[in-house]
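**Student:** These protein sequence lines are chains A and B, in that order.
The numbering used here applies: residue 419 is where the first sequence begins, and numbers increase by one.
The numbering used here applies: residue 33 is where the second sequence begins, and numbers increase by one.
If you're looking for bench data, these hints aren't it; they were derived computationally from the structure.
Take these hints with a grain of salt, some might be off.
[Stated by the list, open to error] Which bits of chain B does chain A cover? Going by a derived footprint, with three or more residues having C-beta under 8 Å, they are:
1) 56-70
2) 108-122
3) 146-152
4) 163-171
[Claimed, not checked] Computed beta-carbon distance windows for the label pairs:
5) B:Gln151 / A:Arg439: 12 to 22 Å
6) A:Glu448 / B:Ser44: 21 to 31 Å
7) B:Thr285 / A:Val438: 28 to 38 Å
8) B:Asn166 / A:Asp479: 15 to 25 Å
9) B:Leu289 / A:Lys424: 31 to 41 Å
10) A:Lys463 / B:Thr276: 21 to 31 Å
11) B:Ala86 / A:Leu447: 50 to 60 Å
12) A:Lys463 / B:Pro91: 51 to 61 Å
For glycine and all other residues, C-beta sits at the position ideal for the given N, C-alpha and C.
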Amino acid sequence: MGFKVKVEFLGGLDVISNKVREHSLKVPLEEGEATVKDLIELITKSIIADPKDIPVFIEDDTVRPGILVLINDTDWELEGMEEYVLESGDVFTFTSTLHGG
Amino acid sequence: MTEISAKKVKVSALCELCHARKAVMKRPKNLQKLCKDCFYKVFETEIHNTIVDAKLFSPGDKVAIGASGGKDSTVLASVLKTLNERYDYGLILVLLSIDEGIKGYRDDSLATVKRNQVQYEMPLEIISYRDLYNWTMDEIVSCAGIRSSCTYCGVLRRQALDRGAAKLGINHVVTGHNADDMAETVLMNLLRGDTARLEKSCAIITQSAGSPIKRSKPFKYTYQKEIVLYAHYKKLDYFSTECTYAPEAFRGTARELLKSLESIRPSCIMDIIYSGEHLVLAPKKKKITTSYKTNKKKTHTENEVNADGSVSLGRKKQFEDGNRCEKCGYLSSNRICKACMLLAGLEMNRAKVSIDNNTAVDGAAVLTRTLEQLSF
Ligand code: SF4
Ligand SMILES: [Zn+2]
Ligand SMILES: [Zn+2]
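Next comes chain A alone, as it looks inside the complex (with noise of 0.2 Å):
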């Protein structure tokens, strides 16, 4: 059971990550049962290395504004933003937008 997908972490975001802006993430749910509101928590369990660094990332149960998210290089808001279904193999991107001009 489970299967993988890739997170990136960009423009900053890494900082909640010790500096690691890739991630191979195991979701342990079945194909077409997980979406991106689990990938979310298991974000905050298995790779934020700070539980302190969880609002840097999480702002009332969903990514915090000022965080681009891409799904496959797409926009997320094009792809139903927490409700997408997870496919083995996705990529998921969070840029912060917030950091340095």
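Assemble chain B with the ligands onto chain A, guided by the hints.
**Tutor:** For chain B with the ligands alone, kept in the frame of chain A given last:
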């Protein structure tokens, strides 16, 4: 595009401009869904239109791009190069960077600018605080504390950019300030009741009285989100580490507020700028607020740096045209310019620590008095 054959694309997922390719992004400005190519086209054309409408450039102009290695100025360099070639602006573009002397931040971002220099085939000039002022930001912070870092840095940067441009014989500096930055500044000035600054905060071109150097913001109407997307899709090389000395708290909070508003109503960025532009037209009233403000101002020391690095040092008397700083010759409404005053304060600190029998007592006394007039 190969993506189309890989997966069946629903009609609703198609680009709303070309109706041929899969949309990859949604514009915050008008919620339009665009494919990569149409997004590039629209993004670049809007900036071109802004440049033309505001008559920012004339053929043959030599223009310095204030380059930090960050996303905004990197995209600005890339887009200006593209537009200069596409529309025959006839501009000579130069990268102008400031080295504040911040270890682990500016040294790394300057490496990015040096790569940009090669990528965009533009000359690069780096002006360092150390050369110009004999102080690095790291030294200033260790002497004056982290709290006022941005206040010092903003004053010094403004002057450094001007001096760098003057050195290159350039009288126009473009910066990567975008619509989000501008809305943020409007919001901050609004929250502080700073009506005088509110008026200027939406100007696309700014120039201090008597200064030969003008500054402009070609990204005035460009969303942060689109700049980041453009950089991402075009795989531009930019640097995104935060300054070690975190930006002032008030601005940070205003930024978060704005981002939250934007997530509910993306057009609010444009709407705030629109409001800001129109507030300019409202005259009078100023007198009442100014007198009220004067007392209030003193209590605020933290929120003094503007997005463009300029700094509000309390109420200003009439600016006398062409007045120059007695110490360094930089344009100044006072006898001593802001930068020299700040630096003199630092030198005094440094001197106090080491020796007490300093000969420059007179100068120090004058400076102390002048410093007291400021609102730090
Ligand atoms: S955050 Fe403050 S100290 Fe750092 S570079 Fe910007 S103005 Fe200077
Ligand atoms: Zn298209
Ligand atoms: Zn001076």
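**Student:** Next, verify each hint and record whether it holds.
**Tutor:** Status of the hints after comparison with the structure:
no. : hint                            : result
1   : 56-70                           : holds (count 4)
2   : 108-122                         : violated (count 0)
3   : 146-152                         : violated (count 0)
4   : 163-171                         : violated (count 0)
5   : B:Gln151 / A:Arg439: 12 to 22 Å : holds, 21 Å
6   : A:Glu448 / B:Ser44: 21 to 31 Å  : holds, 27 Å
7   : B:Thr285 / A:Val438: 28 to 38 Å : holds, 29 Å
8   : B:Asn166 / A:Asp479: 15 to 25 Å : violated, 51 Å
9   : B:Leu289 / A:Lys424: 31 to 41 Å : holds, 33 Å
10  : A:Lys463 / B:Thr276: 21 to 31 Å : holds, 29 Å
11  : B:Ala86 / A:Leu447: 50 to 60 Å  : holds, 53 Å
12  : A:Lys463 / B:Pro91: 51 to 61 Å  : holds, 58 Å
When each numbered hint is compared with the structure, violations occur for hints 2, 3, 4 and 8.
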